[in-house]
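Enquirer: For reference, the chains in residue letters:
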Amino acid sequence: EAQVTQNPRYLITVTGKKLTVTCSQNMNHEYMSWYRQDPGLGLRQIYYSMNVEVTDKGDVPEGYKVSRKEKRNFPLILESPSPNQTSLYFCASSLSQGTGELFFGEGSRLTVL
Amino acid sequence: GENVEQHPSTLSVQEGDSAVIKCTYSDSASNYFPWYKQELGKGPQLIIDIRSNVGEKKDQRIAVTLNKTAKHFSLHITETQPEDSAVYFCAASEHNDMRFGAGTRLTVKP
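Quick note, the sequences are listed as chains A and B, same order.
The opening position of the first sequence corresponds to residue 1 in this note's numbering, with each subsequent residue numbered one higher.
The opening position of the second sequence corresponds to residue 1001 in this note's numbering, with each subsequent residue numbered one higher.
Careful: at least some of the hints might be erroneous.
Pairwise CB distance ranges (calculated) [claimed, not checked]:
#, chain 1, residue 1, chain 2, residue 2, range
1, A, V14, B, R1051, 45 to 51 Å
2, A, E106, B, N1096, 23 to 29 Å
3, B, N1067, A, V14, 45 to 51 Å
4, A, T20, B, P1110, 29 to 35 Å
Just so you know, the hints here were simulated from the structure itself, not pulled from any lab data.
Glycine included, each C-beta is placed from N, C-alpha and C at the ideal position.
The whole structure should be built from the sequences, with the hints applied where relevant.
Expert: Right, dumping it as structure tokens:
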């Protein structure tokens, strides 16, 4: 089954404690992206990757890092989480950027205390 | 960059009625306009999309219209059913830059 898998689905952590949200897709997609969803703000792009070893900032990259060492994986790293990073995070993948269907994971709800 | 505005933010309709959600975009170069449906506890899923060379597209009870001159596009759902209740996002994309609207929470009352 074609899917994007994120882990963990739910996480409560404390300010400053590094965490990683993993994302994996099994569709051989070149393009992967991270979004955060906040009430009234829709989906805002954090980082994206056009292919292995190619990453770029989206609209809200501050406080986040990503890596793309393999085509299927695109982890999101919060080196020192802060309460304003409390949000619902989605990973997505697509055959190509911008003009094709995005396949989203089920989301990871992060709370930073 | 692109800016997408979506209205209304919430919409409540009676089962069987129609629902319309409208979006406007700012970048005249945008050429791809997808609509995503997000059910509770799930990620958004594409339900219909339209490209700039087409004015309207239908798929059973859902349709999307595009007015490039006015830079707006709309989602129309006819004969709404309770399972249509969800958050709907519009988006506009110009090659490498896709932006989403803020979302519309649709509630269909039985």
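Enquirer: Each hint: holds or not?
Expert: Hints, verified against the model:
1. V14(A) / R1051(B): 45 to 51 Å: Since the Cβ atoms of V14(A) and R1051(B) sit about 46 Å apart, the hinted range of 45 to 51 Å holds.
2. E106(A) / N1096(B): 23 to 29 Å: The hinted range 23 to 29 Å holds for E106(A) and N1096(B), with Cβ atoms some 26 Å apart.
3. N1067(B) / V14(A): 45 to 51 Å: Distance hint for N1067(B), V14(A) holds at roughly 49 Å.
4. T20(A) / P1110(B): 29 to 35 Å: 43 Å, violated
Of the hints listed earlier, the one the structure fails to meet is number 4.
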